[in-house]
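Chemist: Listed below are the residues making up each chain.
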Amino acid sequence: MNANEPIPGLPEPYSNPEATMAPAPDLSELAALRAGYVRLDEIAPAIQAASVSRRRFLGFGLALVGGLAGTAVLTRLFPVFSELDEIPKVVPTYDPTAKKWTFVIDTASCIGCGLCVDACKTENHVTREPEFTRTWVERHTTTADGARFVDSPDAGIDGFPAVATAVAASGKKVASAYFEPRLCMQCETSPCTQVCPVGATYQTPDGVILVDPRRCIGCGYCVEACPYGARYLAPAADSAPSDTPGIADKCTWCYQRISQGRRPACVEVCPVGARKFGDANDPNSEVAAIVRNGRAKPLHPEYGTKPRVLYMGPSVQEA
Amino acid sequence: MNMHAGWIDLSPRVSVPVSPKAIVGAVVGEVRRYSTRFRLWMGFLLAVLAFFAVCAVIALPPGWEVTGTTPPFEWGLFIIGYVFFAIMTSGLCLSASLGTVFGIERFRPLEKRHLVLAILSLCAAFLIIALDLHYPVRMVFGAILVPSPTSPMWWMGVFYGGYLVFLFIELYATWGHKRRLHQVASLLTTGTAIAAPATLGAVFGVLAAKPFWFGVFTPVLMIASALLAGSALLGIIFWAVIRFRLTGWERARSLAVPAVRTLMGVALVAVTALLARHVLSSLWSTTPGAREAAEALVTGPLAILFWVRVVAGLAVPFLIVVSPLGRSLRGILAASALVLPMVLLDRYIFVAGGQVAPLTTTAGNVATPYAFYLPSIVEIGVVAGAAAFMALGYTLAERYMDMREAPEGHPPIPVAKIRARLAARRAALRADARPADARPADAQPVAAMVIAGGAVEAGQGGAK
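Which chain is which? The protein sequence lines are L and C, in order. Residue numbering for the first sequence is 1 to 319, as defined by the numbering used here. Residue numbering for the second sequence is 1001 to 1464, as defined by the numbering used here.
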C-alpha cells in the first residue's frame, strides 16, 4: 500500500506529515490549565519566590547551551542516536501481517487532562456531543469508607473538577483516585465481530477491528455485545466518522494514521506519555519491552476476549 | 360486461372497481353496511394507524435521535415491540399446529384464525424492526450476500424469513384446500416456529457482555413465552368470535375454552418456573453484572414493573385458569386480557433487565448504578401502530375471508377422483391384449395396490 494514498472510508489525518514520529510536545502546562488545576494567579507568588538573580540565570543558560552544543558535536562524532534518523517519516510500504500493534496505558501517569478525547474527536470527525465518544477518560475514586466510584464528566474532554461528580460520592473523604483512559481493546476474539449479522465489523490482518461504513445496518447488536463499552451508534450529527451517520462506531486506533507509520492522535497529544503505542513484534519498541517484562495487563481478562490494550499502574493493581 | 361504469369483471361472480369514482363508491357502500359499533372500532384503529404513520415518518432515517435510547441502553421499545410480536407469532403457529402436526384433534378446527394471526403478528414485528434499523435495505442484501453464520441475528433472519414463506404457503394451502401441501407446510412452519424464537432467544443468550441475558435457558424461556403469548391472544380472539357471533362461533364455544385453558395453564407453569430460575440464579450468581441486574428487577428501578408482572401476569391468571372460573368464557377472557399486556411488560423487563446495570462505562457514559431509559412518544406510537395494524388486518380477515374451518374428524376422501383413476387403469389393462405372462412385471401389482388402497379409503369415507 502506498503510504501517501488515503485509505478509503477513513478520514484524512489532520497533522503535518513532516512532524510525524516527533516527540510529543510538552503540553503539560496547557493541560493542567485546561484541567482547572493550576491557575497563573495562584502560582504567581511561588514563581516570584523561586526567581533567581540575573547572573545565575545567565550562567545557567550558558551552561545549557554549551551542554547541548557539546552533545550535538559528540553525537556527530560518535553516532549513538543514529537509530533515530533511520525511522522513516512515512513508511514506503505497509505489511499488516508483520505488525502486532499493541496499546499500553499507564494509569499511574495519566493526569486526566482530556487532550486525547479532544484530539480523537478532531482527527476522526467524531461529533462533539459527549455521549458519543471513541476514547474517554474515567476517574476511579476510592473513598475513606472503601467505596469506589467512577465518574467521567463529558467523557473527560475538559478535564476533571476537583470534586468527584459521582452523586453517591459527594461529601465523602477521598482515600485514593486515578485516571483510566479507555478505548477499543481491539480484542483478538472480539464479540462484536462474532455477532455482526452482515459482516460489517471485521478484523484487519494487523488485528484492528474496523466497521465497514457501507455495510453496517445500525442494529446495535455489537454495541450490546462489547463488554468494554467501546461502541455506540453514531448520531445524525454535523460530522460523522466515515461521513456515515447512524452506523456503529468505535475507536480504530486511528487506523488511517498507524497504517502510514504514524501514531494514533491520542498518543501523539498525550502530554505525559500515559498512552504508548507500537509494534510488539519490533523488539526495540517501548511496548515490546513493556510486554516482555510483563508489567502491563489487560482489563478484565476474565471476559476471555484477549484485549490488545494493556494497562499499567493502579488500574490493574487495584482492580 | 358489468352494468356499472368503472368496474371490471374478473369472473362471472367477481368484479372489481377500477375507476376512482367506482372505488370511492364501493368503499362508501361497504362502510354503509357496517354497524355503528364496527365503524367505531375501525375508526379507532385507523386513528392509531394515522398516528403510527406520523411516528414512522419521523423515525425513518435519519430520525434516529427520536428514540429514548443511549449507548449504555441501546435497545429500547422498538426491540421490545419486535420481540413481543416475533415471539407471539410462534406461539400462534404452534397452537395452530397442535391439530395438523401433533394430531391433537380438538385443536384442528382452530387453524385458520391462528394462521392469519401468526402472519399478521410476524408482519407487525417486521414493521417495527424495519423502523428500528438505521439501514434496513442493506440488511436484506447484506444478509444474503455476506452470510454471517457466527451471528445468531443472521440465523434469526434465516428462520423468520423462511417462516414467513412457509406461513404464506400454508395460507394458500389452507384456503385452497390443498391437503397434502397443507400438511407439509404445517410441518415446516412448526419447525421454524420452534427454531425462530429459540434463535431470537440466542440473540440475547450469546451476549456474555450482558450476564442477565447470557445462557442456555434464554431460548427455552422464549419458546415457553411464545406459547403463553399465543394462547392469551387466542383467548381474546375466541371471546370476540363467540361474543360477536362470527363464523363458526358454535364450534368455538365448545372447543376454544378448554383448548385455551389447557394451553395457557401449561404455558403459565412453564414461564413461571423459567422466570423463577432466571431471577433466583441471577440473584446468587457470582458472574459480575448478573446479580446487579436481578436486584434491579426485584428491588431496583424495575421492581414495580416486575412485581406487577409476576402478580397480574402469572399468579392471578394461573388462579383463574385452575379455578372453576377457567371453565367459563369470561374467565378465559379475564385471564387472557391480563396475560397479554403482561407479556408485553415481560418483554420490557427482559430487554431492560439486560441493560439496566451495565458492566462498564459505554462510549464515555457512566451509568452507575443503573442506566436510565424512557421510551419516547415516537417509539410508543410505532409499537401501538404495529398492534393496530395487526388488529385491523385481523378484523378485515374476519369480515372478508372464509373462516369456516375444516370439518372435524378425518378429512373427506376424494372418492370420485380415486374411482376415475381406477377406471382409467382398468381400461388401460383391458386394452392391453397381450397374455398375462407377457405383460410388464410391475403392471399387475400396481393395479392391485391402487384398487386395494382405493377400497380402504372408500370404505372409511363410507363409514363416516
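The reader is advised that the hints may include incorrect statements.
As the list claims (entries may be wrong) - Derived list of chain L stretches under chain C, where covered just means 3 residues or more per stretch with a C-beta under 8 Å from a C-beta of chain C:
#1 59 to 71
#2 270 to 276
Unchecked claim - Just the calculated beta-carbon pair ranges, DEER-fashion:
#3 L:Ala108 / C:Val1316: 57 to 63 Å
#4 L:Asp238 / C:Pro1020: 41 to 47 Å
#5 L:Lys297 / C:Ala1053: 53 to 59 Å
#6 L:Ile43 / C:Ser1281: 56 to 62 Å
#7 C:Ala1047 / L:Ala162: 54 to 60 Å
#8 L:Val167 / C:Trp1284: 26 to 32 Å
#9 C:Thr1286 / L:Arg295: 25 to 31 Å
#10 L:Asp238 / C:Ala1050: 51 to 57 Å
Honestly, the hints are just simulated from the structure, not real lab data. Glycine is no exception: its CB is placed at the ideal position from the N, C-alpha and C atoms.
Chemist: Hint by hint, note whether the structure agrees.
Modeler: Comparing the hints with the structure gives:
no.: 1; hint: 59 to 71; verdict: violated (count 0)
no.: 2; hint: 270 to 276; verdict: violated (count 0)
no.: 3; hint: L:Ala108 / C:Val1316: 57 to 63 Å; verdict: 58 Å, holds
no.: 4; hint: L:Asp238 / C:Pro1020: 41 to 47 Å; verdict: 45 Å, holds
no.: 5; hint: L:Lys297 / C:Ala1053: 53 to 59 Å; verdict: 54 Å, holds
no.: 6; hint: L:Ile43 / C:Ser1281: 56 to 62 Å; verdict: 57 Å, holds
no.: 7; hint: C:Ala1047 / L:Ala162: 54 to 60 Å; verdict: 56 Å, holds
no.: 8; hint: L:Val167 / C:Trp1284: 26 to 32 Å; verdict: 28 Å, holds
no.: 9; hint: C:Thr1286 / L:Arg295: 25 to 31 Å; verdict: 29 Å, holds
no.: 10; hint: L:Asp238 / C:Ala1050: 51 to 57 Å; verdict: 33 Å, violated
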